[in-house]
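S.K.: The residues making up each chain are set out below.
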Amino acid sequence: MPQGSGEKRHQFERWLIPGLIIAFCLGAYWLTTTFKTMPPILKRGIQPSDFPQLLLLLIIFLTLIMVWKDPIQIKERIQGSTWGTIFLFGIFASLTSIDLFLALGMFAAALAVFWGERRVSVVALIGIGVPLLIFFMFDLVFEIRFPRGLLTNLWYG
Amino acid sequence: MESLINGLISLSDPYLLLLLLCATIGGVIIGALPGLNATTGAALLLPFTLTMEPVPAIAVMTAIYCSATFAGAITAILINTPGTAASATTCLDGYPLAQRGEAGRALGMAVVSSTFGGIFSVICLMLAAPLLARAAYNFSPPEYFALTLFGLSMLASIGDGSALKNLIAGGFGILIAMIGVDNLTTVERFTFGSYELYEGIGFVPVMIGVFGISELLVQSQNLHIKREAIKMKSIELPTRADYKKTWQTILRSSGIGTFIGILPAEGATVASMIGYNEAKRWSKTPEEFGKGAIEGVAGSEAANNAATGGAMVPTLALGIPGSATAAVILAGLMVHGIRPGPTMFTEQADFAYAIFWSMMLVNILFFVIGLKGAKLFARVTLIKGQVLWPSVFVFSIVGAYALDQSMFDVWVALASGVIGFFMRRYGFSVVPLAIGLILGGMLEMRLGQSMIMLDEKWWLMFTRPLTLFFLVLTALALFGPSIWGRLVKRRAPIDSNGE
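Quick mapping for you: the protein sequence lines, in order, are chains A and B.
In terms of our numbering, the first sequence opens at residue 201 and continues consecutively.
In terms of our numbering, the second sequence opens at residue 176 and continues consecutively.
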């Protein structure tokens, strides 16, 4: 990547992150103004909005100081492997509607392959063995009931 | 005294002993794996303890804490990659020793100094925690509020972020704790009408996300790194000459580590840095440091393991976590319905002492396991990321689900992981977020109670000596380093002119 482009991105993120934090805090502050107000006899010391408002103002104050005293510094750009992993998170999330363990198995196998594992036996162990082991350990030992789905129904009946 | 003996007797349970053995081995493996550390290990294994009784559950988590902290030295010495951040200083001399063919000697010293540091700190824990709890027994809400504020102010100096960024991250942690129904007034806050948010965001999924899943994303940046371990014939116990050279360092670092651990939010990483620096400062041969000084390994390892016992002092006696892992253990205590604090030593003293004794036993166990199995654990360090991290993900997701058997917690863990990754990328440590989340509710509750007690005159807090003391400490923790830095800067030109 050309030096100039990296520098531009750095400058952009240096302002973007504090901007996002402050925008988030302002949004949250507005939300706190919608909280119910308790009558004096029931308010138990402070109103429900008092503490969050104080905290949000403090975060905004600290963020403004951060921009001046300790700006955001980027050590390295995010690599394709990280974006790919986050994309796989999305695939995992969408597959959970079919079955949690199907999604876990497919995600684990896909991640192993994506990160460079080429041995079929290892991929199978990660994609099938590990989720199965964890499923039975939690189901039989810890008696945890998982959400019903395509595969878990085979066990739950 | 009776509780002390009852606690020891509880260790005679074969089930508990077996669990501690397994947890110690598991902790050593976790600590030896690059990327995984005591905090991640404790967060991932917390759901496994759900069905256990409180004593075995918390004993397992403390076993992971102690043994993983020690095991970070294995990777530090053999592959020059600290298994845990607390072992970063062990690399400085451990790896050069290994390169010289003295890996066994370095590991032997790491095992001995870690064990000594660990046992020393547990003895201090046994003595200090009940005393601290007794002192805090009569605290009123204003004192507790100021103490919790002091604990949070210590966040400024922890983790790998800067003070400002740590405080911002801690602030967001407290803000997350505000989500749900307000305990004092039963008013809904930030729930958006969602049923899942009524009871707030759980500690466990957030911790699994920020410590486990975010680390997975960090590791995805390091796929190109190839690790090679230095071969080791066998582990060697230190010689008499080594003991003669290091006994003072081990003793000093154990004291430093315990003290640093006791400070709220300061953990093994800071302890090992100070322990190492002090070892160098007091050494007769400081020029050898960084080139393979055995005192360097001893100073770092004794300090980081001593911090484990120290960190449990404020965690158990005051309910304020002494480190990131202690924060996870605190979450574990709350999940099991145990409220740490001064009352623990009057109402659940047997429980507290059972935990102390189990920590003592774990330190002895990892001494034996470390000596006998270091060669085997050295191989664990070479497990590839593409095998380890998909499995960690499966663990994380199932663990996040297991606590409340809720898919919402899975989404919380996943979102926390992604947010945690970006936080770390932009220089915000995730540790303050986790500690803020744990202490946030308590801080607000104590403030509310103080306001009721002081008839809504908050300024009366400054008229209470102990409250004022903690508030002054808070101010010192927040502004002390900056004021000190300015003073040093102002003096610097005078010094240079003088030269």
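Any given hint might turn out to be false.
[Claimed, not checked] Straight line, CA to CA, 20 Å or less: simulated SDA-like cross-link-like pairs of lysine to any residue: (1) A:269 / B:659; (2) B:401 / A:279; (3) B:401 / A:280; (4) A:236 / B:659; (5) B:420 / B:461.
[Claimed, not checked] Going by beta-carbon spacing under 10 Å, a handful of chain A positions derived as facing chain B: (6) 212; (7) 283; (8) 291; (9) 293; (10) 302; (11) 330; (12) 351; (13) 355; (14) 356.
These are calculated hints, taken from the structure and not from any lab test.
Glycine included, C-beta positions come from ideal geometry on N, C-alpha and C.
S.K.: Hint by hint, note whether the structure agrees.
M.R.: Hints, one by one, checked against the model:
1. A:269 / B:659: holds (16 Å)
2. B:401 / A:279: Holds, because 17 Å separates the two Cα atoms, which is no more than 20 Å.
3. B:401 / A:280: holds (18 Å)
4. A:236 / B:659: violated (44 Å)
5. B:420 / B:461: holds (13 Å)
6. 212: With a closest approach of 12 Å, the residue 212 (chain A) hint is violated.
7. 283: Nearest chain B Cβ about 9 Å off; hint holds.
8. 291: violated (12 Å)
9. 293: holds (7 Å)
10. 302: Constraint on residue 302 (chain A) not satisfied, violated at 12 Å.
11. 330: Given a least distance of 5 Å, the restraint on residue 330 (chain A) holds.
12. 351: Residue 351 (chain A) check fails; min Cβ-Cβ to chain B is 14 Å, beyond 10 Å.
13. 355: Residue 355 (chain A) check fails; min Cβ-Cβ to chain B is 15 Å, beyond 10 Å.
14. 356: violated (13 Å)
Taken one by one, the earlier hints fail for this structure at numbers 4, 6, 8, 10, 12, 13 and 14, listed in ascending order.
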